[in-house]
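Undergrad: Residue numbers (UniProt numbering), protein chains in the order written: chain A, 1 to 339; chain B, 1 to 339; chain C, 1 to 339.
By construction, these hints were calculated from the structure, which means they are not laboratory data.
Where is the CB? At the ideal position from N, CA and C, for every residue including glycine.
Where chain C lies over chain A, by a calculated footprint (3+ residues, C-beta under 8 Å): (1) 40-48; (2) 51-59; (3) 66-72; (4) 78-92.
Computed list of lysine-lysine pairs in DSS-like fashion (alpha-carbon distance at most 27 Å, straight line): (5) C:K306 to A:K95; (6) A:K306 to B:K306; (7) C:K306 to B:K306; (8) A:K306 to B:K95.
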Amino acid sequence: MQNMWYVAAYGREIGRTLFSRTVCGESILFWRTEAGSVTAMSDRCVHRRFPLAEQPSHLVGDTVVCGYHGFTYGADGVCVAVPGQTRVPRTARLKTYPVVEQDSFVWVFIGDPALAASTRIPRAPWLDQPGWTVVSGMEPLQARASLLIDNLMDLSHETYLHGGYIGTPEVAETPITTEVDEDAGIVYVSRRMADAACPPFYAKSTGITGRITRWQDIEYTPPCLYVLHSRIAPVGVLPHDDGTDPDAFHVEVVYAITPETDRSTHDFWAVARDFALDDQGVSDFLAESNRTVVLQDVTALNVLEKVIASEPDGYQELSINIDTGGLAARRMIAKLAGR
Amino acid sequence: MQNMWYVAAYGREIGRTLFSRTVCGESILFWRTEAGSVTAMSDRCVHRRFPLAEQPSHLVGDTVVCGYHGFTYGADGVCVAVPGQTRVPRTARLKTYPVVEQDSFVWVFIGDPALAASTRIPRAPWLDQPGWTVVSGMEPLQARASLLIDNLMDLSHETYLHGGYIGTPEVAETPITTEVDEDAGIVYVSRRMADAACPPFYAKSTGITGRITRWQDIEYTPPCLYVLHSRIAPVGVLPHDDGTDPDAFHVEVVYAITPETDRSTHDFWAVARDFALDDQGVSDFLAESNRTVVLQDVTALNVLEKVIASEPDGYQELSINIDTGGLAARRMIAKLAGR
Amino acid sequence: MQNMWYVAAYGREIGRTLFSRTVCGESILFWRTEAGSVTAMSDRCVHRRFPLAEQPSHLVGDTVVCGYHGFTYGADGVCVAVPGQTRVPRTARLKTYPVVEQDSFVWVFIGDPALAASTRIPRAPWLDQPGWTVVSGMEPLQARASLLIDNLMDLSHETYLHGGYIGTPEVAETPITTEVDEDAGIVYVSRRMADAACPPFYAKSTGITGRITRWQDIEYTPPCLYVLHSRIAPVGVLPHDDGTDPDAFHVEVVYAITPETDRSTHDFWAVARDFALDDQGVSDFLAESNRTVVLQDVTALNVLEKVIASEPDGYQELSINIDTGGLAARRMIAKLAGR
Chain A
1 MQNMWYVAAY GREIGRTLFS RTVCGESILF WRTEAGSVTA MSDRCVHRRF PLAEQPSHLV
61 GDTVVCGYHG FTYGADGVCV AVPGQTRVPR TARLKTYPVV EQDSFVWVFI GDPALAASTR
121 IPRAPWLDQP GWTVVSGMEP LQARASLLID NLMDLSHETY LHGGYIGTPE VAETPITTEV
181 DEDAGIVYVS RRMADAACPP FYAKSTGITG RITRWQDIEY TPPCLYVLHS RIAPVGVLPH
241 DDGTDPDAFH VEVVYAITPE TDRSTHDFWA VARDFALDDQ GVSDFLAESN RTVVLQDVTA
301 LNVLEKVIAS EPDGYQELSI NIDTGGLAAR RMIAKLAGR
Chain B
1 MQNMWYVAAY GREIGRTLFS RTVCGESILF WRTEAGSVTA MSDRCVHRRF PLAEQPSHLV
61 GDTVVCGYHG FTYGADGVCV AVPGQTRVPR TARLKTYPVV EQDSFVWVFI GDPALAASTR
121 IPRAPWLDQP GWTVVSGMEP LQARASLLID NLMDLSHETY LHGGYIGTPE VAETPITTEV
181 DEDAGIVYVS RRMADAACPP FYAKSTGITG RITRWQDIEY TPPCLYVLHS RIAPVGVLPH
241 DDGTDPDAFH VEVVYAITPE TDRSTHDFWA VARDFALDDQ GVSDFLAESN RTVVLQDVTA
301 LNVLEKVIAS EPDGYQELSI NIDTGGLAAR RMIAKLAGR
Chain C
1 MQNMWYVAAY GREIGRTLFS RTVCGESILF WRTEAGSVTA MSDRCVHRRF PLAEQPSHLV
61 GDTVVCGYHG FTYGADGVCV AVPGQTRVPR TARLKTYPVV EQDSFVWVFI GDPALAASTR
121 IPRAPWLDQP GWTVVSGMEP LQARASLLID NLMDLSHETY LHGGYIGTPE VAETPITTEV
181 DEDAGIVYVS RRMADAACPP FYAKSTGITG RITRWQDIEY TPPCLYVLHS RIAPVGVLPH
241 DDGTDPDAFH VEVVYAITPE TDRSTHDFWA VARDFALDDQ GVSDFLAESN RTVVLQDVTA
301 LNVLEKVIAS EPDGYQELSI NIDTGGLAAR RMIAKLAGR
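Looking at chain A on its own, in the form it has when it is part of the complex (with noise of 0.2 Å):
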């Protein structure tokens, strides 16, 4: 999907060393100038296409030399010096993205640059503020973005797929509600389970010994960021009436979900809290835990996208009514799609 933002990397990737990354299949050269901002230029060098970010190339200062003729490029794409001949040519300039350092992330934006600056990037604040502890990661899948995407709308795969880290039985048996902010362009998915067990992965983490009150409220803003926002508290604990929630504890779980090719993503997840914020053991435990059940998702999408290239076209779903968050965000993405 074009003219939409997208997150590249973690702010923490990219620094004095070339970096690249394939989004939405275009190839882009990341780096970061003596002062500290990032850049994002096409990694294709102009005069035989080279990877920019491939060895021998290398910055100088605030240009990019390219390893194979030493074509020269500084952070506005603009070529600075070629080789043998003291003139540029005029059309030697690489593609620039607009980009833009948020939230932990890197955002770079796909399409018209023209209208970057008319839409809107997301929020996920709390990967970045005071009073929140994160750990975060990305892994590679290859499998199509959709399929993280049907993933992440129905958590009821959790007492299936993540049996033993965050699933139990009462996330597939409790119903869903699903909600869609056409204008806001949001699909929101809650799922409320007042009394359900608490699984390994919140037990060890907040200490909690018996059955919880679950919360698990999906707010996913197409096509690039998802968030879960979690709340576990002990049993019949319920905010207060003005708004305050002292007593339960908040998870905020970030996916960016980024196409690298029509047929591979990149997986970036990242987990907050607003508990045991100093804790290095349970910064430990999550970001193990959750590595883990990101990891068994990967496992079982990279299967189901062999399994979908392998088959004819217009194979048949059945969906259910667990499916209905999927389905609505695949509405508002062929909406976007579309405009």
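Take the given structure of chain A and dock chains B and C to it, following the hints.
TA: Below, chains B and C without anything else, positioned relative to chain A:
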């Protein structure tokens, strides 16, 4: 070729663990009920087509639980439970396949199930009968089934590709007779050597030390079942007039040739003998030797598949007398495919 | 490009073992007769196209025996024996290729054999001549031949891709002169540096310690043969008026650029020198250094091939003065291909 029975597995491969094998491009799930019957159904959940043989899918009694969202199916393929709701959609059922366990094989019918009962399953009774001892296996072949059929219908290749195992000069030198029974759908190829060297394969297993009378009588029932009736006896020893043949050694070499895809094949092989029935040393030797011979074929045919895949269509082969059996098989297969 | 001579191998690669190499998509079998002549014929048996260079195919005297069914061919490609019958079909013969052993290479003619005699084979006499010592090798390149031609026709890349080996700043800085001899079918590119740093490649092999006069005179005879006449001398040392040049070091760097397929290339390289003829240390150093340089090119061009294969057609390159040689080569190749 549709509307035919194919060997999908040995019966011993199917138990209380979910098992998948692709036959003619269709991915089929096999498992044995608690009562011991083999079931055959589509290996794709109707919901989001997750493969039912893939972890963490699993059996619960006589039902299969999908490892992705928990859709649950009975032995008849009918869905009996879905997550999040009690009503199961009426259309939620897996395609099932006619399946028969016979002669140690699990046969499935590919095509219109209504034709299964009226379509003959060829027999290989020696594989599951008193008076015979069997060694067997299956090797995956990365080549189209027709290359294996060509290979088996023309045993003159034993002299060259399997020299030192089952080939001797007489195999390539001795002319064949070919006969086609159109009504029965069988191709016969016979090569009878009155005075031939005894290859190690038979010398070691029968104990014959001198030269032999060696008969190779092929009976191929397209598309799947190939039997080589092999008779070995000291030179001059022939069957009695009443048809009994107590002084010869008989080996029934059975191949089931099952297309996995257009370019890969399940190469089932079994060797049944009517001598040294309880001699484990002979069994071990024949298992090891025959597997070696099969793997020599697999290596050569995998090379041929790559050659064919890399060449333009319309390549012209040159056929000679030894190829009459293979050409007859091709004609019969073309006729069956066109019915 | 058809109707051209290509280098298929070094003469030393062809002996009494069956050898196969694919040239312009044609898989060719090479072997040496008992009298020492190199033969070149199709590497596919006429019967079932088994590759004749594949085990257990083998030589018996001056015949090749196919490892599948024993079809046997003479040095002229004519089949002399088949299994199971004494009559050999008249049409049973392998396609043969015009072949010439010259300048240490085995050249084959791809195209209409009737044109072979009238088509020039370009020469590289230094590779097999008294007064010169040669190191050579061949690296398989997973990139189309045109990328290697581009690479070699523009040596300004030495400064960047081969810095520390044969590149110094002067190579990229010094302008070139380009000349095209349409009648002879040769492209000349010359870069003459009057006062340049001496790269390690030449400092170590010649023993020169100061700055040098460095000449790079390219002579490319499309499609296959590229020669770089390299002259190194202390600054100010020029050839005598009579054409002799006793105080300089001469290195003839020869590449044979042979397409394997549309997307892969045999990259033959040889370095002949007229100094330190018997110094094994210099030979070892030049072999190792040149192979390193070739592999730097291979790595870069393999990357470029993947880039090109993943990009839409019609990508627009930007060319500058350094590219005049490469562009002239492309034009001449297009003209030869269209003849």
